[in-house]
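**Q** Please work from the sequences and hints to get the whole structure.
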Amino acid sequence: MKVLPSSLLLSIVATFDSIIGDFLKDLITRDPASIDFGDKSFSYRELFKTKEIETLKNNIIDDEVNRLLRDSHKEQVRYIEKLSQTEIINHHERWRNFYEVFERRNQYAHANGVATRAYLEKLKREKYPSEDIAIGSRLELSTSYLHKAVDYLIEFGTLLSFVIWRKGSDDPNPAFGALSDASYFYITKKRTKLAAWLLDFALHKQSRKGVEEMRVRQMYVNLANALRKMDKKEDSEKVLAELDWSATSIDFRICIASIREDVEEVIRLLPAAAASEDISIDAIRNWPVFDWVRSNDKFRDKFFEVFGEQLIIDFESSLQEMPDKPKRDVPESTVH
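Okay, so the sequence shown: first residue is 12 according to the working numbering, each after it adds one.
Don't read these hints as lab results, they were simulated from the structure.
As the structure is a prediction and not an experimental result, all values here were calculated from the model.
Honestly, I wouldn't trust all of these hints.
[Stated by the list, open to error] Listed next, the in silico PhoX-like pairs over lysine-lysine satisfying Cα-Cα at most 20 angstroms (straight line):
1) LYS201 - LYS243
2) LYS240 - LYS313
3) LYS216 - LYS204
4) LYS159 - LYS240
5) LYS200 - LYS93
6) LYS243 - LYS200
7) LYS159 - LYS138
8) LYS240 - LYS204
9) LYS36 - LYS85
10) LYS240 - LYS178
11) LYS244 - LYS204
12) LYS159 - LYS204
13) LYS138 - LYS93
14) LYS244 - LYS201
15) LYS68 - LYS36
16) LYS85 - LYS135
17) LYS36 - LYS178
18) LYS249 - LYS216
19) LYS138 - LYS201
20) LYS243 - LYS204
21) LYS178 - LYS220
22) LYS216 - LYS178
23) LYS249 - LYS204
24) LYS159 - LYS93
25) LYS200 - LYS159
26) LYS138 - LYS200
**A** Okay, structure coming up:
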């Protein structure tokens, strides 16, 4: 049974390495002149043996990517920093946590999961809290640790993609849209801390110049909801207070009322929201922002009054009523 957690850690890191490899290849392919050849040279024989110059270029790029993948993860990120002219390590709050995942992986791959002096020295250099880890002790690989490790890797990979995407485009909306959608997905999967990390980075540590106001407000609502789900009610309110919501459309106002668990206000706004078609019946059933009011009897009664349907659908009955070949629904915007 002890083999399984270590296998999971090795697999998680290997998957991330594969993604980073693809990421590096894409970056270098865009700007192959950035490759530092150092003292490497190519003979006439190699040039003449290669029938196409593109094949030679691809071989050089592949060699550079493979070289980088053999290097440390810190050096890989420094290479990306240099290539993109973007500072990453010093601006990433959880760099030391991200870094530690790979070092723990190395301990399981090469030292049977035992903490070595070299491991602890590396953590000390990155200011990772390691005072409670003794040399020779076996490193923890609990379910909690593995969940956190996955979150650190997903966060770093997402933010890295976001920063480079923004760097290479004059239009920030596609990058913000992708990060917003990813964050919403994590909220639906109850990965609220990960969603909050991503949204906080985009909204508070990146320029929002040129980003559509609707998208920014959607992200604020989702961040406030994620913080509320983390029992950070005060932080959630601080986020909402950063913007003026008084003149916004009714869909934003009803979502904010729900986050605040203001059932009376949600009930008051529901008829107008339904009439405006800004909020659909499926949105109220599925959006995580309405988790705060769905169990309230008054809200359920009002939902039935407005839509003529029960809020909670009986699953078996709904299956019996489904047509043999249901039409494929167009996915609704995942904004809240």
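**Q** Are the hints correct? Go through all of them and say.
**A** Hint check results:
Our distance criterion of 20 angstroms between C-alpha atoms is met by LYS201 and LYS243, whose separation comes to about 15 angstroms. For the given pair, LYS240 sits about 24 angstroms from LYS313 by alpha-carbon distance, which is inconsistent with the 20 angstroms threshold. The hinted pair formed by LYS216 and LYS204 meets the criterion: a straight-line CA distance of about 17 angstroms does not exceed 20 angstroms. At most 20 angstroms may separate the alpha-carbon atoms for a hinted pair to count; LYS159 and LYS240 meet this at roughly 17 angstroms.
Straight-line distance between C-alpha atoms of LYS200 and LYS93 comes to about 35 angstroms, which puts the hinted pair past the 20 angstroms bound. Note on LYS243 and LYS200: the hinted pairing holds, with a Cα-Cα distance of about 19 angstroms set against a maximum of 20 angstroms. Between LYS159 and LYS138, the direct Cα distance comes to roughly 18 angstroms. Compliance with the 20 angstroms bound is thereby established for this hinted pair. For a cut-off of 20 angstroms, the pair hint linking LYS240 to LYS204 stands: about 9 angstroms separates their Cα positions.
For a cut-off of 20 angstroms, the pair hint linking LYS36 to LYS85 stands: about 17 angstroms separates their Cα positions. Between LYS240 and LYS178, the direct Cα distance comes to roughly 32 angstroms. Violation of the 20 angstroms bound is thereby established for this hinted pair. Among the hinted pairs, LYS244 with LYS204 is consistent with the structure: their alpha-carbon atoms are about 14 angstroms apart, no more than 20 angstroms. Between the alpha carbons of LYS159 and LYS204 the distance comes to roughly 10 angstroms, so the proposed pair stays at or under 20 angstroms and holds.
For the given pair, LYS138 sits about 23 angstroms from LYS93 by alpha-carbon distance, which is inconsistent with the 20 angstroms threshold. Our distance criterion of 20 angstroms between C-alpha atoms is met by LYS244 and LYS201, whose separation comes to about 17 angstroms. Using a Cα cut-off of 20 angstroms, the hinted pair LYS68 and LYS36 holds, with the two alpha carbons roughly 12 angstroms apart. Between the alpha carbons of LYS85 and LYS135 the distance comes to roughly 15 angstroms, so the proposed pair stays at or under 20 angstroms and holds.
About 17 angstroms separates the Cα atoms of LYS36 and LYS178, which keeps this hinted pair within 20 angstroms; it holds. Between LYS249 and LYS216 the CA atoms are separated by roughly 16 angstroms; this keeps the pair inside 20 angstroms, and the hint holds. Between LYS138 and LYS201, the direct Cα distance comes to roughly 30 angstroms. Violation of the 20 angstroms bound is thereby established for this hinted pair. Only pairs whose Cα atoms come within 20 angstroms are accepted, and LYS243 paired with LYS204 is accepted, the gap being roughly 11 angstroms.
Restraint check for LYS178 and LYS220: the C-alpha separation of about 13 angstroms stays at or below 20 angstroms, so the hint holds. About 14 angstroms separates the Cα atoms of LYS216 and LYS178, which keeps this hinted pair within 20 angstroms; it holds. Between LYS249 and LYS204 the alpha-carbon distance is near 17 angstroms, which keeps this suggested pair within the 20 angstroms criterion. Distance hint between LYS159 and LYS93 is unfulfilled; the C-alpha atoms sit about 28 angstroms from each other, more than 20 angstroms.
For the proposed pair LYS200 and LYS159, the alpha carbon gap of about 15 angstroms is at most 20 angstroms, so the pair holds. Pair hint LYS138 plus LYS200 does not hold up; C-alpha atoms about 31 angstroms apart against a cutoff of 20 angstroms.
Comparing the model with each earlier hint shows violations of hints 2, 5, 10, 13, 19, 24, 26; every other hint is respected.
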